[in-house]
Amino acid sequence: MNSLTHPGAWIHLDWVLVVVVAWLLIGLAGVLALRRFRFVAVVLFPMGACFSVLLMAVALSAAFASPEVAVLPLGLPQLPFHLRLDSLSAFFLLLIGGVSAGVSAFAAGYFRQGEGTPPGLICLEYHVFLASIALVVMADDAYVFMVVWETMAFSSFFLVMANHRIPEIRNAGYLYMLVAHIGALGILLCFGLLQANTGDYTFANMRQQHLTPFWGSVAFVLAVFGFGAKAGVLPLHAWLPEAHPAAPSPFSALMSGVMLKIALYGMLRVAFDLLQDQIWWWGVLLMTLGLASALFGVVFSTVQVEMKRLLAYSSIENIGLICTGLGLSLLFFSYGMQALSALALTAALYHMISHAFFKSLLFCSTGAVMHATGERSLGKLGGLIRTMPWVAWPTLMGVLACGGLPPFGGFVAEWLLLQSFLFTTGLPSAFLDMLVPVMAALIALIAALSGYTMVKYFGVIFLGQPREEKLQAAHDAGWWERMGMLWLVSGCMLLGLFPNQVIALMEPVTKSLVQAGLAHTASDNSWLLVPVSMERASYAPAIFLLGVLAAFGLAFVLVRKLYHGRMRRVPPWDCGHPWQTARMQDTAEGFGQPIRQIFEPFFRMKRHLPSAFDAQPHYRVTVEDPLWYWLYLPVARLVERVSRIVGMLQQGRIAVYLMYSFATLVVVLLVVKR
Amino acid sequence: MIKFAPQLINLFATLILLLSFAMISQRRIVSLINLFMIQGAALVAASFLLGYVTHQPDLYVSGALTLVLKVMLIPWMLYRMIAKLNVRWDVESLFNVPTTMLVGIGLVIFSFSLALPISRLSDSLAGGSLGIALACVFLSFMMMITRSKAVPQVIGFLSMENGLIFAATTVTNGMPMIVEFGIALDVLVGVLILGVFMFQIREKFDSLDIHNLEALKED
Amino acid sequence: MSALGIFSQLLALVTALLLAPLLTGWVNQWRAWLQNKSAPGLLQPYRMLHKLFKKESLVAEHASSLFRMAPYLIFGCMALASAIIPTLSTDLPLSPAADAIALVGLFALARVFISLAAMDIGTAFGTLGARREMLVGFLAEPALLMVLFCASMITKSTSLTAIVETLAHRELAIYPSLLLAGVAFTMVSLAENARVPVDNPDTHLELTMIHEALILEYSARHLALLEWAASLKLFAYSCIGLALFFPWGVAEANAPLALVLALPMLVFKLAMGGMALAMVETASAKMRIFRVPEFLGTAFLLAVIGLLVNVLLGVG
Amino acid sequence: MSALFLVLGIPLLGGLVLALMGHRPLARDVNVGFSLGTFLAACVMTAQVISHGPEFVWDKLFYLDALNVFLVTLTAFVGLTTAIFSRPYMRVEQDHGKMNAPRMRLYHSMYQLFGFTMLLGLTTNNLGLVWVAMEAATLTTVLLVSVYRTSASLEAAWKYFILCGVGIAQALFGTILLYMAADKVMGPEHATLLWTGLNDIKAQLDPTIITLAFVFLLVGYGTKIGLVPLHSWLPDAHAEGPTPVSAVLSGLLLNVAMYAVLRCKVLTDGALGNQMAGQLMMGFGLLSVVVAAFFLSRQKDVKRMFSYSSIEHMGLITFAFGMGGPVASFAGLLHMTAHSLVKSAIFFTVGHATQKAGTQVMSEIRGLIKVNPTVGWGLMLGVMAILGMPPFGLFASEFLLLTTAMREQPWAAPFLFMALGVAFASMLIRVLPMVFGDTTLKPLAHPPALVPVFVHLVLGLLLGLYIPDYLNGWYVQAAHMLGG
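Residue numbers (the working numbering), protein chains in the order written: chain A, 1 to 674; chain B, 1 to 219; chain C, 1 to 316; chain D, 1 to 484.
Accuracy of the hints is not assured; some may be wrong.
[What the hints assert, rightly or not] Lysine to aspartate or glutamate pairs mimicking EDC-like chemistry, simulated, CA-CA at most 16 Å apart:
id, chain 1, residue 1, chain 2, residue 2
1, D, Lys300, B, Glu218
2, A, Lys561, C, Glu56
3, D, Lys300, A, Glu640
4, A, Lys673, D, Asp206
5, A, Lys380, A, Glu306
6, B, Lys217, D, Asp301
In short, the hints are calculated from the structure, not lab data.
Model the full assembly from the supplied sequences, consistent with the hints where possible.
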């Protein structure tokens, strides 16, 4: 932190620290104005959003600058806080700044009077959460990384527990905190290995250490365990569908959009930057885990009946796809194919930033819908496009992006990922050559399924007839909420239509991690996204969109001119039935029924079929996560059994206790005598 | 007289060991206290003898201290307590007498095997008595474990203190004076507190049986 | 962006727009003949389009603007798709804008919008149709992608024009992977274009209809555009089939004369294709909706096996 | 060196004065006054040690060096804050009729004497006196544990006295053996139990005697630290006594016992040269962490749960010192400081919470945040700190501990990982419903004294983020001496 006197000479790192400190001050101001909800909503959150924009600007300029280092006086004397702003952290700061600007603006309009924890406290937890995320990305030694990593988990835990009156939310908070802490312990042990007994925890020192293949693999597995637990990769994902719906919507948007990416940042930093000699099976492990969670996530998101759980499972799916991209890049890197590794890495990074934008947009829209209707489950919504156009149309953009449809960022990411899969014929081992096309097939299936989910999400909520009477009175989103959503939509559009510029931004990142970048091929033909060579593959989203809109416009004008534009409003076609009710539409379960039928073994279903003598017969099917019964409950039962055995140690009789003391003395004497 | 000293010390040591064995197998509480008194007396005699032989005045002081405490004051308090609590019943233990004796012998062997390498090195007058002192400590430890009444446990605790003081006097000719005073003070206060406890337990459970002191446990 | 390039691009677009209804009419005619019924005229689809365009459009009371905007967008997507696919010549300036994956994305975009529009009215048929369309879509799309990957594995490129050029110049070699891909492609195109085994194009029976349920609420010019887009989709699919499996006779960039020859060659190939399609339709009966996933599942597996064969044998 | 006389004199005087007037309502404030006096004297003494390093007092009977000076200040400080906390706590207890006049008198005088014994134990140079101080500490607190006269507290006190008495007797035997070893080397006249004396000649001490001595000392003082399997008395004693007593027992007495073991470890390492002492401590430490973690998940009573958590943390500290090496010892010392600060803060909030609910059973304490936000948030932050969440000092020491353990003793890493995970899971699942959710509790008559809680938590936070240089200097010096 060089001299504070003349801001002109400040490096990017100082500006980022200014933003972090500003967030913390806003948080404190929130605590002072604990109950004054007006002040918090109108002043504090928008200020937070402005600082996010500042952070974005700083990150943009820092992306191309050389890495900057700073040492803060905090922390243990021999272990002060080292911070470093290199291109990788600049990219993630850009992601954080962009998304948090929109979400903070949305949160400003989100508060209502008298709801659960005082708004001032939420403002504190929210801004501490943001500050810790920004610091995680800049941490340059294990100690500060762990401190801000768990502060992030700590503050987001309180955000999840915002309205802790409801028992389910408490359970969700508990599960979330437990898995986060266990993951953090794993990461801690991994850093223990990486410092290779030198006692110097800075990342610079860790980069010099060359671990033996065995210890390197143990470190990598621990890192995958730790960061996977936080990112929601398959075996340790159970907390995500519980915690994200529990948190208030703007915060689940931030958690889903940004926090999961920070977990993957950690994976990136350890796998590519700190560990030196990567082994090929690391990539395969990451890819299989990624694909398993992606398929699991998308299949489960299709059958959900609650808005936010659907989006939470869809986050698991997207995280899975990103992990597959990282795994493939690691595989290429371990075989020394830098260019292909850079392509896969760009695909993963692209997917991260586009997922951050469109997922937070979708969570914000669920927030707006919940505020307007007070309903969480899809079965009780419908026809909101008429009463809430300002929420419906941005959500449509988000839905198209999440479904991976062409003009948006989601498609570009998938396109890059599929391209990188196509070039894998050069791998030395035949087994991998065979494995990778199958994985490409799975990715295509997952992308198509996510389209299915998104049609269900948008169709059941916004289209069709309102399934409840009170939906007529649903009011549209407030001004702040509209601003927040429009910011995120513009982010999605930008990512969708100008991939070359975004890839140029990522180029320094891939150069620093895998010593190769895509930018040189992408930059010479400005509109065309050409990953490797012109005749291999190219995609120009801008021209693509222009083509579709031109055809759209031409058709519209010609039909109007050649024929006419007359139109008349009539009741819909009812096929002879006298009356049409809203209940005749497909319910959320109905829409997901084919997937439930095709992917039967994935689920653990309990059907309640009405018997003939039921007074009011009703049919209910509950779909549960089988992993909960295969992994989480057995572990809980094991701990319970072991603790009962240990409990017998303390039976209360003093003679027995004296016997313990005597026996210990004798045993230790025997051990020592030998 | 001087040349008999090592034999006399060993005599006192064996006497103390014998008394510990007797205390383990003793049935009646009053005789238990008498045995404890005799053990205290043997300890006093040993420290006076050592003091005389090695011309160290503070051994006399520590002997006098033990005399006052372990032979007169504490037994008198125990008698008064028993009289007031009108405790006359005999003392049953968890195991029958033969098994306790067998275990006692095992412990003696164990403590001798432990003390052997050390006693060979120590050049002080009563090298061998370390093994016996350790044996006495272990025996009183076992007595506390097997007894199911509060008073015998207290006596076991005090006889363990005796064993330790005996080890201190014989092996290193007594501890520094200030430490001796500290130990004596602690023992005295300890007995006072145990007395207070016994009254409270008696008043709460109207019996001194340890079995009703087993409520706090992990179910 | 040579002048010839623009000309061939516009020519491709115009021929697609004009020939598509003709192809549908041709297929309907052959179906009628094969079921020894007297077939409607070859130009019947044009007359139907003209009739619909003249009518006044009836729209449901609470239909949102999405419902009215969807037909134009879908027509636009299909037009762009047929412009990209190298039907007459491979010198198409628009083709670098979208390669094979983008084409599949385009079809997916059209499918999503038609489903959303169907759900907008909120009748039972709309949502039913949307669910079935997405069910077919989510299995057909990856299968199509795998088919295109087989071809691109052989030609080391995913841009359609490059694929056609490389395949056209190769001497006539039997590619086992392309064989499997061909079978998979026919199954996928049957499902996508709502032909018989998956869905009967000219029936309104609630239980069986997929494509019809989606456009049930539309009328007049919106319905016309949707019908036209459907035939354009059929035309685009058959052109993809021709491009991948019978690429000969497509004009190159440097041979403008070949353009003249390419048109009759295209018409001939489409006629043969239409006849084959009609024969397949009359030969097979419509499947129960819950057999469709198995049907498309086999198509998907065939395509993936084609891909594996290409990797294993190394020759493709 | 008059400061040391004040540090020891004030609590002794306080004990006597309060013995006379302890029952009067004024006694609470007098108690705080004496503790404040002790704390100020300790600060003066620390300032002197900062200015010109370690020195002897009263011809070598007392010795102040890097290892015990911060412990003395810590003991005095926590003694002061506990006294402040006990003012409103004891008034509420009196209103509930659980504490009458004679018991208050006993409580106040014993409280000050207990402070005196701990400070004596820490500052004295004579290992025999250390033993006497430990025994006296047990004596002063045993009556406090049974002060409520319930059958459970009587049982707890009896077990506490008997088990600790036996344990400390073994430690006495160890001290005698130490004295014997010193006697062999320096001859009977000027054989000494002074630690500095022994420290100078520790190389020539006879290995066999020292090994036996260390075993007896470790098992003896280990009983006082609460290492498994010698821990049985700790949960009962800490849970049954009044909360200020539990806070001081859990926070400070365990540290004094650990300090005594550390003094002996230094001598043993010097004499034996091999790592026997360290391995023994690692074994005991790891066993305690694992067993205590599994005990945590069965608890119904809130104070018993936190006493098991003390066993677990003392196990971690023993493991750290067992590993040896400068980094691990530094972690151990930091963990000792942070643990006593945070554990006593937790006991303060638990004290108020149990008084509100009228019971110590966790299932009846609900929704603290709703009824009294400061107590609720205090408990929440305290528990987060004790579970090793980062901004607090405990995380810093656990960080250093786990990373060094992963490299030096990889065999222990999975056990530590499992134990910390299970402990985290079991404690959080008990505390969350207590803090969050709807409440059935009634507000307290007297406003709770929560300043100490937040002062402790801030200090705990400070240890994690910024350690003052002199404190760090001591840690490094002591770690160097311990770790070798």
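Looking back at the hints listed earlier, which ones does the structure fail to meet? none
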